[in-house]
Each structure stands twice: as C-alpha cells, then as structure tokens.
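Dock chains B and C against chain A, hints included.
Protein sequences, first through last, are from chains A, B and C. Taken in order, the first sequence gives residues 1 to 351; the numbers are from the numbering used here. Taken in order, the second sequence gives residues 1 to 351; the numbers are from the numbering used here. Taken in order, the third sequence gives residues 1 to 351; the numbers are from the numbering used here.
No lab work stands behind these hints: they were computed from the structure. Fair warning: there could be bad hints in the mix.
The list makes no distinction among identical chains, and a pair is therefore deemed to hold if it is satisfied within one copy or across any two copies.
Below are the BS3-like pairs computed for lysine-lysine, each with C-alpha atoms no more than 27 Å apart in a straight line [as the list claims (entries may be wrong)]:
1) 327 to 93
2) 82 to 93
3) 319 to 299
4) 82 to 200
5) 333 to 288
6) 98 to 333
7) 82 to 52
8) 93 to 288
9) 339 to 197
10) 82 to 98
11) 200 to 94
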Amino acid sequence: MTGEGNPVSFTVRQLADLVQGQVVGDGERLVLHARTLAEAREGDISFLEHDKYLPQLLASQASVIVVSPNIPIEGRTLIQAKDPLAAFVAIVKKLQNKPELTPMGIDPRAAVHPSAQVGADPSIGPFAAIGEHCIVGARCRIHPGAVIGPNCKLGDDVVIYPNAVLYEGVVLGDRVIVHANTVLGADGFGYRFRNGKHVKVAQLGAVEVGNDVEIGSCTTIDRGAFQATRIGEGTKIDNLVQIAHNCNIGKHNLLISQMGIAGSSSTGDYVVIAGQVGITDHVHIGEKAVIGAKAGVTKDIPAGQRTLGAPATPERDQKRILISLEKLPEMRKDIRKIKQQLGMDIEKEEG
Amino acid sequence: MTGEGNPVSFTVRQLADLVQGQVVGDGERLVLHARTLAEAREGDISFLEHDKYLPQLLASQASVIVVSPNIPIEGRTLIQAKDPLAAFVAIVKKLQNKPELTPMGIDPRAAVHPSAQVGADPSIGPFAAIGEHCIVGARCRIHPGAVIGPNCKLGDDVVIYPNAVLYEGVVLGDRVIVHANTVLGADGFGYRFRNGKHVKVAQLGAVEVGNDVEIGSCTTIDRGAFQATRIGEGTKIDNLVQIAHNCNIGKHNLLISQMGIAGSSSTGDYVVIAGQVGITDHVHIGEKAVIGAKAGVTKDIPAGQRTLGAPATPERDQKRILISLEKLPEMRKDIRKIKQQLGMDIEKEEG
Amino acid sequence: MTGEGNPVSFTVRQLADLVQGQVVGDGERLVLHARTLAEAREGDISFLEHDKYLPQLLASQASVIVVSPNIPIEGRTLIQAKDPLAAFVAIVKKLQNKPELTPMGIDPRAAVHPSAQVGADPSIGPFAAIGEHCIVGARCRIHPGAVIGPNCKLGDDVVIYPNAVLYEGVVLGDRVIVHANTVLGADGFGYRFRNGKHVKVAQLGAVEVGNDVEIGSCTTIDRGAFQATRIGEGTKIDNLVQIAHNCNIGKHNLLISQMGIAGSSSTGDYVVIAGQVGITDHVHIGEKAVIGAKAGVTKDIPAGQRTLGAPATPERDQKRILISLEKLPEMRKDIRKIKQQLGMDIEKEEG
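Isolated chain A, as found in the complex:
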C-alpha cells in the first residue's frame, strides 16, 4: 500500500466497530497493515471477497480476516461483516490515515477567466486554466494543468485530473470524474475529398456527459459534427478509449480499455464492451449486449446478445467456429485422404 502518509495501528475491535462487524477471536490484537491475501504478512489484516478464494486464504499469512458471516475459518481472528469488500476498503483507509480532502480554494497560479463562474468550495490547482464563460459547479476539484475551454459547463462535485483537456462547450453532469490526459471535445475526424485533398468539415457539435460518469486516462471523446456526442449517466469508460463524433452511448455502460467506436454509432443501456473491441460507424448495440475482447463489430447487435470475434458473431456461433478452427489442419488432411480414396485429382502444391 502506498501513500501511507502516517499509518497508525488499531485493535481488531476498533476496526470491527468501524465497519459494524463482529469479532471472532482476539479483539485486542493490534493491526498496522491491510494487504491482499497474497501479499499479507504475519500480523496483517486481509479479506475474503468470495468463497472461491478460500484456498488463497489458507495459504495466506494474514492474521486477521474480514469475512462474510457464517463462513467458518479456524485459526485466524475474524471480523464478520455483511459486505467484506466495503468493510475492507474502510479499514484500509483508516489504517492509511490520510487527511480528509478539504477544499483548497483557487490556486493563485491557476488561470481562471474573469467571466467564468466557479461554485462553492472549489479546489483548483496551479496551472489549471478555465476559459471564458465557463460555469463550474460546487465542490469541483480541477487538478494542476487541466484545461477547461470556453463555454464549458461542469456540474457539482466534478473531478478533473491533471492535464486533462476539455475543448470549448463540453458539458459534464454531477460527480463526473475525468482522469489525467483525457481529451473531451476535440474535432471529430470529418473530411471531404475535393480536388485531390481532404478538406476539413467544421465540427460544430458538443460533448455532453451525464451524471456519475467516470472516464479513464488518455481517452478521447470527439465533439459532434452538428449534434452532441453523448455519454449516458452512470457509464464508466476505461483508459485509451476512442469515442468518435456523434456517438450516443447509453446509461450504465462499461467500455473497457483500448476499445473504439466509430462515428454516429450508439449503444443502449447496460452494454458491456471489452478491451480492444472495434465498432464500425452508424451501428447500434442493443441494451445489455456484451461484446467480447478484440471483437470487430460490423453491424447492429441485438439487445442482450453476447458477441465475439472479428467480424463479430453471436458467442455460440463464434465458439463453434473457434473449436473447428483448431481442427482445420486435420480437416485438410482428411479431405486429401478422402480424395485419394475416391481417386479424385489432388493439386500438387502443398501448403
């Protein structure tokens, strides 16, 4: 664990009280470090997220374990809690003993345009730039070097990490998190071919991001051509993702690292798209569809469908193809043998 600042020790009972848990074993035992099962050493506290990790627990040196009630474990001190993961997060934070985040005000080295409106209790770091006519909600944290272009509108409790960039007119809901070096609202990739040259088509739309969206680092979401590129509320986007102009992403999607979606495509709610997937332009991914890693989507995907492969097909079909693919060299030999047996012509070349 890092950034420990000034770690302090607590008794098992103090930690159990913190998470409204029950102690089984020595409540007076002192604990200093919280670590995963694999990394824990004698004296540390760890946690069991799921029964399936019981073998790791048995191999772990951890002395104190946060577990669900009714899981019998011998030889360790236990804190039984209804939600062991949430309890462990609280315990880790307690032991890390970091100071609470308090509003830092506006650093005098930030460049906030006089026409910008900044809400209550801001934290704006050095070298952050906030452009003309921006409206920034309450309690926003704008980290060092972040650049918010003119006419942007940020809701309350928004966090913009260092060196992230919002171009002109980007709109973010409440509690949106934008990680470092991500770019929202750069021009969409729009050109027309005229007289031997690709001529830029002005990109005049916006980017609109709903409440509770989190966007990873080095991700790019382009502004629309004439309409907004939209991200629905609650959607979580990983690092290095590309969302092209005019896309309309539904609510509560998970878009995993290095996936990309081309212009004017859209997704329903609760869609999950795995890493390195590519989706072509002007298609729709139905709600609750799940697209497997590295898939190449070339057409609409119905709601609820699990899809794999490039070009993407329903998971069941793709799995049958993949199994057959492994047999392909053997199939080729078989065909050769059959043709021999039948006295059919066999081409001379051999792959």
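Positioned in the frame of chain A, the structure of chains B and C alone reads:
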C-alpha cells in the same frame, strides 16, 4: 449544438443570401436553431447531404431544409444551394454567433524562451512553453499548457491544442493542426540486448510534418533514430494513433483511430488505413491502398489494393475465407459423415 | 537529422579517434553530416549495422562508412569499429554538436510544494507541479507541465517528460524515463454492480516502477486496488500501452505499442509482447515467452513459448491454422464435390 454563446435568429432569406442559395417557400420565416435531421424540432433548419437520407428528411420535424437544387421536396421551406453541407456549416456558424477568432497575443503566464522567434499576430495561452531557438510562424495559436521543445520550427497558421507536446527539433509545415495531448518526437522504441539488459539506442532523428496535416488527440509520432519520421502534406491522422520511428507517411493519407505502424514502414500517397489496423515494421503500403479495420499487415501492400484481415490479404480473398469460416462447423460434420460412409477411421475425441 | 543546433565538421581521423576506430582510406577528408545509408549524400558519413545491409551500402551515396573490422568494402573511406552502431551514435552526436545537458535548477514558475524534498542538481521546468511530501532523487529532470502528485518517490536521474502525470504515491526507481503525456497511478477500472449502478471500488494501491524502466508516451499504468501495480527493473514500455490495476510485470520485458494487459495479470522476466496484443485478466505469461502482434491471450502462457493469434495458440499450431485458412474456400468446394460423388445430400444455399 453547444457553445452557442449568444445565438441569434435570422430569416430564411438572410441565411440563403449568406450561402448564395435560392429560397423556395417562406423567406421571411425566422430561424433560431440548426440541427441534424434526426434532432431538428419544429422551426429548426436542417440539411440533406445526400438523396439516400430522404427517408430521414421525411421523418424529420425540421421546417427549413438546405438541399441541392433540383431535389423536389414538398411541405418545407427550402434553401437550394450547390453544396448543402458547406452551406449548412456556414449557417450553423451564423446562428451560433461566436466571436471571430482574433489574435490574443502572448499571455504573460506563457514561458517563451527569449531566444525563440515568434511570428506576427500570435495567440499563446497561459502555461504554454516554447523552448530555446524555436521559430514559430505567423498567426500560430498555441493553446494553454502546450509544450514546444527547443529547436522546433512551426510554419504559419499552425494550431497546437492544449497540453500537446513537441519534443526537441520537431518541424511543422503551414496550417498544421495538432490536437490536445498528442506527442510528437518522443524517442523511438530502440534498444539492443547486451549482457541481459535492453540498452537504449539514442534516437537522434526528428519529426517532420508537411503542410495542412491534422493530427488528432493522444496520438504519438516518435522521432527517428538517425533520420526523420515524416508525415506527408495533407495527411489526416485520427486519435490514439501510433507512428513509430523512421516511418515515412505519404501525402493525403487518412489514418484512422487506434491504428499503429511500426518502425521504418512507409506509405504512398492517398492511402486509407482504417481503425485498429496494425502494420509491421519495414513494409511499404502502395499508393491508394485501402486497409480495412483491424487488419494486421505483415508484408508490402501493392498500390491500389484493398486489404482485410489479420494476417491481411486482398479483400476478395479475405471475404471468401470469411464466408467459408461461417460454414466451418458444418464442414467438419460433413467430413465426419464422409469418413463414416467410406469406412475410414474417426478419431474419438470430439471438440 | 534535426536539432542540429550548430553543426560542425570533423576529419575522418578525428571521428575515428573519437570511437577508437581504424581509418581505411583518406583520414583527412572532412565530414559534416551523418545520415543513414538510404539518406546519405556524397560526402556524408553513414554506417553498416549488419552484413545483410550490404546491398543498401552499395546503393548509398555515403562517402565514409563506419563498419565492423574485417568487412572488405572498396571505393569508400572506412572507419572500422568494434561496435559500428555505438560508434555511429557517438559520431552523430559529435556532428550535431549540441550543448551538454546541464542542471537547470528549479524554474521559478514551477510549483514545488514546500514539503517536497528535491535532490541535488535538479532540472525542473516551468509549470511542473510537485506535490506534498514528494521525495525526488538527485539529478532528476522534470520537464514543463509534468505533474507529480503527493507522496511520490523518485529515484536518482529520473526523467519525466512534459505533461506526464504521476498520481499520488507513485514510486519510481533510479534512471526511470517517463515520456510525455503518460499517466501513472490513475484509478484502476474497478466497480461493483449494485441496484442497477456500477459503484466505484476505491483504488488504494500504488504503482511501483523498478530501476532503468522506460515508459513511452500516452501510456497508462493504473494504480492497484489494494496492492501495487509493479513494473520490474529494466522493462521497456512503448507508447499507448495499457497496464491495468494489480498487474505485476517482470524484469526486462519489452511491451510494444498499443498492447494492453488486464487486471491482476503478470509476466515473468524477459517477456516480449508485440504491438496491439491483448491479455486477459488474472493470467501469467511465463518468462521469455514471446507473444506475436495482435494476439489475444486468454490463458496462461508457459515459459519460453512463442504464441500467436486470437485466441492465442503456440506459434507452430497457429501457423498451420493460418496456412489451412487460405485453403478454406477450396476445401469447401472439395467437400461439395466429394458429397456429389458419394451421392450425399447437398444443402441448397450457397455462400
């Protein structure tokens, strides 16, 4: 539409005059918003880019439509213009009523090295840094937080968006646009294996970018080892693209998002490379070649060839393979049946 | 070659002495430019890295060639050196005549928190930000706009290029190089699904990077959930790479551009992973494994194995599959013919 600043309304006739168009219908009608066919509401102006979108037009609520001459549409007010897209762009800008971009000078919070030469009418934002001996042409706009390393040379009318980085010695032609958080001139990935370690080989070349090139956000173009990495004039590069050291990209290419090209490879003019394509090192892509999304290029591609797949093959071959691939499980069953009929041995295991 | 600053000419003998090489031919000849074989002009010096480039040498206009001893070449002046590449690097640098890098101190426009400890001879550029309680080793170079969050710890001789971002608590060994716009320590992609929403799980681990690691530009390495994400010493990471939370990357790996590795996966030492590879979560790549470009790794890879394809299989199997794949349309025709000959049913539809 966003960043509307201070939108104003105009009559249909005023907008038609702006684009040298002909009014069919009520020229005195007032228009406030320009929107796409799908998003337009009663009273809005929209446009028809191509006949194939006629069904969308019929379903649209737009009251005023910018169209090519000679397309008969009933029940709407029309502005007939030779180039409806260009006309619509002009109309959108008119309605958005944003102030003209005027030179902003050099912000006192920028760090411009005293030895750098900056041309006429610059716009250099706060926290931009321009290194020793840089030469910056006329009317360049260097946005907040952009970093231009020493000995760079920028042509006239170059735009560098926020937090983009040019390492030492990068050369940009006129009217080049570099979007936010893009990196030009970082060291190429060059190492030699010596005594159990990968030892860095100094990367001493440059990056040279021709006139009218546009480069998206979070894209990386590495400096050459001993020669320049070059991007030919008029080429347009999307977001999250990787161009490795010593590459020589032709003129008027389109390189789509998340594609990557490895060291010392080159492309002819007018090449189009779709999203998530990977190209190996030391190959040449002939002029006007078109490489489909997600292709993996392992060897030279002849001029004009359309290529798909990983490993990439000519489009026609690849399509035949893909069609057969869907039939693969069935083919496997057929072979089994044939072998049975012929009394041949059948392996026991079943995939 | 760029950034030539103030190039100067030297005699062949002077350059040979610089690299402890032997002159064959005219040692008094003056040389001004060093270029690759392909780009060299009359009068330039070039080098021959390997015998296999002899044809390029014969076609080159270069007048002076740095070669290994015992390679007979007629009609050129030679500098024979044991390590021609290293010798050529030294000669290029000599001819470029750039000033030595000297410590620049801490720019008054940098924001170094008063509680941060900065080692001897620093170079910290304008608009760089160094957070609370950071410890920065000797001779570090922090370029303009780089942001080092609180509680980070940097070894000696670390280089952080412009606008790179280290979140809180990132630990870097000695001689680590982080290129521009790369992000270390952003939150891992961790959520739980509760009441129809993806709820963020706090990411409380760190990022720990060993000695002599180099990380390209626009790469993202996420902080661990409860443990550190670790990069072993001597590992080299290219541009636009994604390393997810809790990964444990071995020593002396090469991770090429646009590859991604999902959460909690690990690699042994001396692993090589080519461009655009994707690796799923919770798998281990054994030491000295080599994974080919665009592979999709879905399970553990044994030590030393060469792997290709998506899903990834051992190279030998994959090559057999790929060869058969080209024959697939033909195989389909063969099966049809066989079935005809045997009087078996043939489906009517034709792909």
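Hints, verified against the model:
1. Proximity of residue 327 to residue 93 under the C-alpha cut-off of 27 Å is found in neither arrangement, the shortest distances being 52 Å within a copy and 55 Å between copies.
2. When the C-alpha separation of residue 82 and residue 93 is checked against a cutoff of 27 Å, the pair qualifies only within one copy, where the shortest distance is 18 Å, while the shortest distance between copies is 57 Å.
3. Proximity of residue 319 to residue 299 under the C-alpha cut-off of 27 Å is found in both arrangements, the shortest distances being 19 Å within a copy and 16 Å between copies.
4. Only between protomers do residue 82 and residue 200 lie at most 27 Å apart by alpha-carbon distance; the minimum there is 18 Å, versus 57 Å within a single protomer.
5. Proximity of residue 333 and residue 288 under a CA criterion of 27 Å is satisfied in neither setting, with 42 Å inside one chain copy and 33 Å between copies.
6. Within a single copy, residue 98 and residue 333 get their C-alpha atoms no closer than 66 Å, and across copies no closer than 64 Å, so neither meets the 27 Å cut-off.
7. In this homomeric assembly, residue 82 and residue 52 come within 27 Å of each other (Cα to Cα) only inside a single copy, at 17 Å, whereas the closest approach across copies is 58 Å.
8. In this homomeric assembly, residue 93 and residue 288 never come within 27 Å of each other (Cα to Cα): the closest approach is 34 Å inside a single copy and 38 Å across copies.
9. Taking the shortest alpha-carbon separations for residue 339 and residue 197, neither the intra-copy value of 55 Å nor the inter-copy value of 54 Å comes in at or below 27 Å.
10. Within a single copy, residue 82 and residue 98 get their C-alpha atoms as close as 25 Å, which meets the 27 Å cut-off; across copies the closest is 56 Å, which misses it.
11. With identical chains, the CA atoms of residue 200 and residue 94 are at most 27 Å apart between copies only, with a shortest distance of 18 Å across copies and 54 Å within one.
Of the hints listed earlier, those the structure fails to meet are numbers 1, 5, 6, 8 and 9, in rising order.
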